[in-house]
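A.B. asks: Residue strings, one per chain:
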Amino acid sequence: MGKKTPLYEKHVTLGARIVPFAGFDMPVYYTSILEEVLLVRRRIGVFDVSHMGEIEVTGKDALEFVNYITTNNVFSLDDYQVQYSTMLYPHGGIVDDLLVYRLPDKVLLVVNAANTDKDFEWIVENKKGDVEIRNRSEEYFQLAVQGPPAEKVMQRIVEKSLSKLPFYWSTFVEIEGKEFLLSRTGYTGEDGFEIYGEAELGKRVWDIVFEAGEDEGIGPAGLGARDTLRLEMKYCLYGNDIDETTTPLEAGLSWVVKMDKGEFIGRDALIKQKEDGIKRKLVCIELEGRNIARHGYKILKGGEEVGYITSGNWSPSVKKSIALGYVNVPHHKSGTEIEVDIRGRSVRGVIVKPPFYKNATHK
Amino acid sequence: MNIPENLKYSEDHEWLKVEGNIGTEGITDYAQHELSDIVYVELPEVGREVSKGETIGTIEAVKTVADLYAVVGGRIVAVNENLKTHPELVNQDPYGEGWMVKIEIADTGEVESLMDASEYKKLIEGA
Numbered sequence: 005m006g007k008k009t010p011l012y013e014k015h016v017t018l019g020a021r022i023v024p025f026a027g028f029d030m031p032v033y034y035t036s037i038l039e040e041v042l043l044v045r046r047r048i049g050v051f052d053v054s055h056m057g058e059i060e061v062t063g064k065d066a067l068e069f070v071n072y073i074t075t076n077n078v079f080s081l082d083d084y085q086v087q088y089s090t091m092l093y094p095h096g097g098i099v100d101d102l103l104v105y106r107l108p109d110k111v112l113l114v115v116n117a118a119n120t121d122k123d124f125e126w127i128v129e130n131k132k133g134d135v136e137i138r139n140r141s142e143e144y145f146q147l148a149v150q151g152p153p154a155e156k157v158m159q160r161i162v163e164k165s166l167s168k169l170p171f172y173w174s175t176f177v178e179i180e181g182k183e184f185l186l187s188r189t190g191y192t193g194e195d196g197f198e199i200y201g202e203a204e205l206g207k208r209v210w211d212i213v214f215e216a217g218e219d220e221g222i223g224p225a226g227l228g229a230r231d232t233l234r235l236e237m238k239y240c241l242y243g244n245d246i247d248e249t250t251t252p253l254e255a256g257l258s259w260v261v262k263m264d265k266g267e268f269i270g271r272d273a274l275i276k277q278k279e280d281g282i283k284r285k286l287v288c289i290e291l292e293g294r295n296i297a298r299h300g301y302k303i304l305k306g307g308e309e310v311g312y313i314t315s316g317n318w319s320p321s322v323k324k325s326i327a328l329g330y331v332n333v334p335h336h337k338s339g340t341e342i343e344v345d346i347r348g349r350s351v352r353g354v355i356v357k358p359p360f361y362k363n364a365t366h367k
Numbered sequence: 003m004n005i006p007e008n009l010k011y012s013e014d015h016e017w018l019k020v021e022g023n024i025g026t027e028g029i030t031d032y033a034q035h036e037l038s039d040i041v042y043v044e045l046p047e048v049g050r051e052v053s054k055g056e057t058i059g060t061i062e063a064v065k066t067v068a069d070l071y072a073v074v075g076g077r078i079v080a081v082n083e084n085l086k087t088h089p090e091l092v093n094q095d096p097y098g099e100g101w102m103v104k105i106e107i108a109d110t111g112e113v114e115s116l117m118d119a120s121e122y123k124k125l126i127e128g129a
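If you read the protein sequences in the order shown, they are chains A and B.
Start counting the first sequence at 5; every next residue gets the next number (this note's numbering).
Start counting the second sequence at 3; every next residue gets the next number (this note's numbering).
Hints should not be assumed to be uniformly reliable.
[As the list claims (entries may be wrong)] In the DSS-like style, the derived pairs of lysine-lysine whose C-alpha atoms are separated by at most 27 angstroms in a straight line are:
1) Lys-324(A) to Lys-86(B)
2) Lys-14(A) to Lys-86(B)
3) Lys-362(A) to Lys-123(B)
4) Lys-65(B) to Lys-285(A)
5) Lys-7(A) to Lys-65(B)
6) Lys-8(A) to Lys-65(B)
7) Lys-265(A) to Lys-283(A)
8) Lys-323(A) to Lys-65(B)
9) Lys-357(A) to Lys-65(B)
10) Lys-323(A) to Lys-283(A)
11) Lys-123(B) to Lys-302(A)
12) Lys-302(A) to Lys-65(B)
13) Lys-110(A) to Lys-132(A)
If you're looking for bench data, these hints aren't it; they were derived computationally from the structure.
Throw the hints in and build the complete structure from the sequences for me.
C.D. replies: Okay, here's the thing in structure tokens:
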């Protein structure tokens, strides 16, 4: 038996298929993964993502310290702004990818559930200056409300005008007299919000959100749909597409690496990798037919191995078999025809520009 | 879990409906539920001679991939062409529209070695 999120009983009541994930018992789907993907694309879905880790950094040097352990530029953030970033080992491999929230009195790091303990230890180990680091993961629930009418639905719940909350900004809101952190973020490509609050308030907020979204056809969505939605957008999943053996430059995440911001862990390794030339790139692949390319399958070019698949699935939004994989330079360019070895058979595919799904509504 | 009385079952969660010397095969309600979200069913060539236990197809689901085995030996006389474009029929109607292959049974004795509904029910309840 794994840990349970504050919403666990809701999932059981809804008849979810529960699977162990990152040490938690999590809903992988309620009715069907494919239907829940389309629910989020066309209507609106709610995900329990309370398993995500929340690590708080406070103290006089909090910004400077987070800037040192992450690759994006924390000093470019205003209060309440959010940024996607990565945290690296000195050799340039990725410890985790994360969201960095700059709040007036602290920096909040939202990290992958499977990495929370590892990340916390890593951060503490590299502590510098006047900072305090706390793992608050167990104290919070987190919901993601995702879909084209997300603003309309959430506006029924909170007083603050959400039309003024841009993508990757956050604010504190009041719901039934309690305070919650609300950000316009998500992992689906659709417009949407993530809500953080005290664990014991999770169930009440879940009910309030469902009531507010009833007219829009709101429904629960599980981790299975979340995985396909993020894949359709080429959002990386730690453990699949990125890990300690891959660098952000290889993964196409150089947009969250600010080499000129000053010293940060992993910087020297990335500078060296850039000088030596990037040897492989994470690319988007569309396959012929309906077979699924799964993690670890070989990518071939003219029969020769040129890379491997990191994630793959059937995309109900573009109705194609899609995959991500590392391909050796110079075979990585979009338009390049490749093959994927699917259990001994070569299936043809082509490298395409991200994202797979081009009609997402994120702001 | 739906387990029709008139069918025979394999330990790999296939069902067989016998009419004369023709057996219609598919996967059980339990199997489709375990796999969930089937997106592709790869079926054998019509005319192929197969033996009991031979891999005759592949079932791709969002979460995993599974093999389809011949539950009896014989000749493949038909495959469900509808599944090419509508693999979801296996999830929606595993014992009906979601059938997979028809086999001209070589040895009806092999049918006897399959489980009946009550035996299959015990198998999945023990799972």
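A.B. asks: The structure should be examined with respect to each hint, and the outcome stated for every one.
C.D. replies: Here is what the structure says about each hint:
1. Lys-324(A) to Lys-86(B): Between Lys-324(A) and Lys-86(B) the Cα gap is close to 14 angstroms, so the pair holds against 27 angstroms.
2. Lys-14(A) to Lys-86(B): violated (37 angstroms)
3. Lys-362(A) to Lys-123(B): Violated. Lys-362(A) to Lys-123(B) sits at ~46 angstroms, over the 27 angstroms cutoff.
4. Lys-65(B) to Lys-285(A): holds (25 angstroms)
5. Lys-7(A) to Lys-65(B): Answer holds: Lys-7(A) to Lys-65(B) is near 22 angstroms, not above 27 angstroms.
6. Lys-8(A) to Lys-65(B): holds (22 angstroms)
7. Lys-265(A) to Lys-283(A): Holds, at about 25 angstroms.
8. Lys-323(A) to Lys-65(B): At roughly 17 angstroms apart (the allowed maximum being 27 angstroms), Lys-65(B) and Lys-323(A) satisfy the hint.
9. Lys-357(A) to Lys-65(B): Roughly 25 angstroms separates the two Cα atoms, so the pair holds.
10. Lys-323(A) to Lys-283(A): violated (31 angstroms)
11. Lys-123(B) to Lys-302(A): Answer violated: Lys-123(B) to Lys-302(A) is near 40 angstroms, above 27 angstroms.
12. Lys-302(A) to Lys-65(B): Satisfied, since the Cα-Cα distance of roughly 19 angstroms is no more than 27 angstroms.
13. Lys-110(A) to Lys-132(A): Holds - the C-alpha atoms of Lys-132(A) and Lys-110(A) are around 15 angstroms apart, at most 27 angstroms.
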